[in-house]
Structure formats: C-alpha cells, structure tokens
Amino acid sequence: MAKVPTVFFICGNGLGSSLACQMEADDVFSEAGIEVNSDHDSISDAPSLNADIIVSASNFESQFANMQIDPKTKFVYLDNIVDKDEIKAKVLPVVKQIADS
Amino acid sequence: MVVIQWIINNILTQAAILISLIAMLGLILQGKKIGAVISGTLKTLLGFEVLSAGSTIIQQSLAYFAVIFQHGFHTKGIVPSIEAINGQAMNKLGLGNSIALTLLGIFIVNIIIARFTKWKYVFLTGQALLWMATMTVIGGHFAGLKGFPLILMGSIIGGIFAIAMPALAQPIVRKITGSNAIALGHFCTIGYLVEAGVAWLVRDRKVDQHVTNIKERTDSWEHVKLPKSMSFLQDNSLSIMVVMVPLYIITAAFAGPYWSIKAAGGAAGGVNYIIYAFLQAIQFTVGVYVMLSGVRLMLGEIVPAFRGIAMKVVPNSVPALDCPVLFPYSPNAVIIGFITTTIGTVIGMFLSPLVGLAVILPGMTTNFFAGGTAGIFGNAIGGKRGAIVGGIAHGLFITLLPALLVGALSSVGFVNATATDVDTITAALLYLWVIAPAFHAFG
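Respectively, the protein sequence lines represent chains A and B.
One rule links them: number in this note's numbering = place in the first sequence (from 1) + 15.
One rule links them: number in this note's numbering = place in the second sequence (from 1) + 1181.
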C-alpha cells in the first residue's frame, strides 16, 4: 500500500448523485480496509481535477470522451451508481491496483 | 442573560456560523477524528460564504435583466431560479439562520417519521432539502411567523414532504429500477406524478398492461435510436448558458441601446450593449456556478453526517436520492422528457400572460433534470405517446406553479425571480393559501 488513490465522483451538478455514489463507495473502501481520498464534483470541473480515478454514471461516458483529461486518470462507469456490488466489482480493483503501484 | 443575548446576537443569528456548528455536531456524533471534525466544520463555513458570494453575482445580473426585459417587452419576465430565490432570502431578507435551523429540523423530522412509521425513506439530496427549507421559511415569513414557530412549522412541513414525496413516487420508481433498494429524493415529484397521470390517460391500452419492470415494455422510447447530442445539457453550467445567452441578447436587442446602457448603470464600461448583455448572461451562469460550489462544500459534510446518523437510528432505511440516479435506467426517455418539457414551458410562457399571470421564462436546468426524470415516469407508465403528451403537460405544470408564486414573492421583496422545484412551491403555496389565512383569522 504505497499510495493513497484520489478518487473523484462526477455528476452533472456535482451535488446529489455524485455524493450519493461517493458515500456508498466510501463504505465499500472502508470495509475493504483501503485508504482513499474521495471527493465529488461537477462534470464542468472534471478536466481540472488531479484524480487517479474518476467514477461516473455510464450516461456521461460520451462527454468524457470529448474532454482533454490527464491520460494517467482511469475512468470507471457505473450503471447503478449506488449499487455497492457494482462498486465492489468495478471500482475496487482499480483502486487496489493504484494503491499497490 | 447578557451572555445568552451575546450568543444569540453574534452566533445563532449568523447563518454561516450556525450551519458550521450543525455540521460540527454531525461530525462529532459520528465519532470522527478531531482533524476531520475541524476540516469538515471549516469547509462548511467556507461553503456557506461561497454560496452567499455566488448569490450576489446572480442578483446583480438579474437586476440588469429585469430592467432590459421591462423596457424590451413592456412586461415583467421572471427567471425561475431556486438558487436566486435562496440567495435573496439569505442575503436580502436575512433569513439565512432560520433556513439553516429549518434544514436541521427537516432532517430530524424525517428521521423521526422514518423511525416510527412504515415509510423508511431517508432523504439524502442535500440541495433539495436546502431549497425546501428556503421555501418553507419564505412561506412562513410571508404568513407573518417569526423565530421558533417559523422554524418548527418549516421543519414539520419540510419533514413530511421529505417522506411523502419518495413514498408517492416509489411504486413507479420500483418499475424503473426493478427493486426497492433506492427511492427518489427530488422535490419535483408532484410534477413527475402529473406527467405519469397524463401518460396513463393517453397510453396505448392494447399493450403493456401488466409490466412490472420498464425493461419489459414493448411500447417504450428505449427501443428507439435517438441522437446523443443532447447529453451535453447534463453539464449544468453549459445548459444554463445555452438558454441565458440568447435570452439576454434578444432581450437587449428589443430594449435597444438606450435602456440597455441605462440598465448597466449608465456606462457599461464602453462596451457595445449586445456584448454587455452577452457578458451579463455569462455572469448569471458564473453566479449559479459559484453558488453551487458553495452548496457542494457546505453539504458535502452535512449530508454524510445525516446519513450516518439516520442509518443507525432507522433500521432498513431506504435512501431517497437525487434524480440523475434514475437516468442510466432509461436514457432515451430523459432526452424525450427534456424536449417535451421544454416545449411545454415555452407554450406556458406565452399562455400565462393571457390568463393574467407573469411571464415565466423557461429554466433549462429544471427542464433537463426534472423534465428528464418526468420523461422516465411518462415512458414507464404510458409508453411513447404517454411520454410526449405527459411531457408537454409537465412543462405547462412547472410553468403554472411558479407563476402562482410570483405575486407573493414580490410582495415580500424578491426581485424578478421565482422558485423552481414544484414540491417546494407546493409547500410555499400551502403557507400562502392555507396557513397565512388561518394565522390571520386566529392570530
């Protein structure tokens, strides 16, 4: 565990659903015993974030494709952003990979 | 007594300090470490001040727009913006501390009802609760309430809405998500039910009578290929600019250079009046952007604290979440809902002066988020035709309701803005039409 990954959760306003997703994910991370810097923000701010991982809903995928974002940033798209099982399956492996790097 | 008076004057009436103390309490109750408590409290304080700064920017831009609209079209054009209403209530009317305490009160009432009844919904969309607290306080202020009764009544009414709205939407949300794991916590729910009701009336009765999950529908927009080009409107700042820029420029063109420059305070910095209008439209967007950044900082600590406490106190709680949570389940219906709601709001804008109401300009943020969610409801209940007819009805409904509020809002000093989010408007109308008359009759 060399590194604490920075994970940003993104939605349109950066207020409601991104925070909902972050709260579920924080539970998953602490259950797994992994330390993560997590925060949430709006899609307008996404290009300026210095994130290791960006987590967002699948309907935002096409918009991120149009942005110039740090190529080191990894993206995870969720169909149900508050489903702990989906977060475990999709986000957790990426977080572990960065934490171990 | 002197000490208590000093505390009341300097701390409890300062909304920024009050809301930080609420956040601190939440963080301590969760058993956070001292560092996390301090950083969370300070972030909340910062968030509140950023929110106030944003609302000042919005007000300046709206004050300019009010003048050019008046002289361009010889009528009042009201911008529906819950952010502007919240900002004016906090800054101009000095209701910030009542709003902060009502927000806390709504949390408490929500938890109490969820704990002791079968409705286990915990409303976690912080900004929606903030808007609800704002509107109940404005309603109470209009009814002549002050101090503790104002906050108590706002907390009870807001708390009931925070349970009732997710509960009313849940039968349809279950069809959309296919489970009972999440609920919808967004105070535009009455509008969604209006769309669903109209969609049900106009649905194709030959098909899909007994589907329990929208995936099983044969008559659905999800089977149609739609262009994805509208999806950029999910970016809130962009969607506001897309409307405000043409709106300001066209209005300035109608007002002409004389009134436009006068509205700008006489000089407009030597800039051409159309360019000035363009820059003011951007300023409006800047104001909303700054304000929402403040809301994010402020609620980023309070909402998780509320959730942590609610999950401990309420067994089997169901989180009621912000509307975009539903978007991935039915993305095409979101686009249809946005388009049809916008058509409805434009029709509503032209119709409302004919029945003696103020001109309510279409608000793109609400049209996208509320319209999109309403589209999902319409499609889930009434298929393709239901989504279209229901969407237009939804657009008309969310124009009519804010229009009914304009008179009351201007009588207590609001400038050129009205609320969005129809549930919060319903709460305010409850004060105007039921509580205020009762209060005056018996008080």
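You may find that some hints are simply not true.
To be verified - Under the rule of at most 25 Å between Cα atoms (straight-line distance), these lysine to any residue pairs were calculated in the SDA-like manner:
(1) Lys1493/B - Ser63/A
(2) Lys99/A - Asn1394/B
(3) Lys1214/B - Ala114/A
(4) Lys99/A - His1322/B
(5) Lys1214/B - Glu50/A
(6) Lys103/A - Val1499/B
(7) Lys1224/B - Asp42/A
(8) Lys103/A - Met1492/B
(9) Lys1224/B - Lys103/A
(10) Lys99/A - Val1527/B
(11) Lys87/A - Phe1413/B
(12) Lys105/A - Val1499/B
(13) Lys1213/B - Gly48/A
(14) Lys105/A - Ala1362/B
(15) Lys105/A - Ser1360/B
(16) Lys103/A - Arg1355/B
(17) Lys1493/B - Glu101/A
(18) Lys103/A - Gly1359/B
(19) Lys99/A - Pro1496/B
Claimed, not checked - Stretch by stretch, here's where chain A covers chain B in the computed footprint (C-beta under 8 Å, at least three residues):
(20) 1234 to 1245
(21) 1414 to 1422
(22) 1483 to 1489
No lab work stands behind these hints: they were computed from the structure.
Think of the CB as a built atom: it goes at the ideal place given N, C-alpha and C, for glycine as much as any other residue.
Hint numbers not upheld by this structure, sorted from lowest to highest: 1, 4, 9, 10, 20
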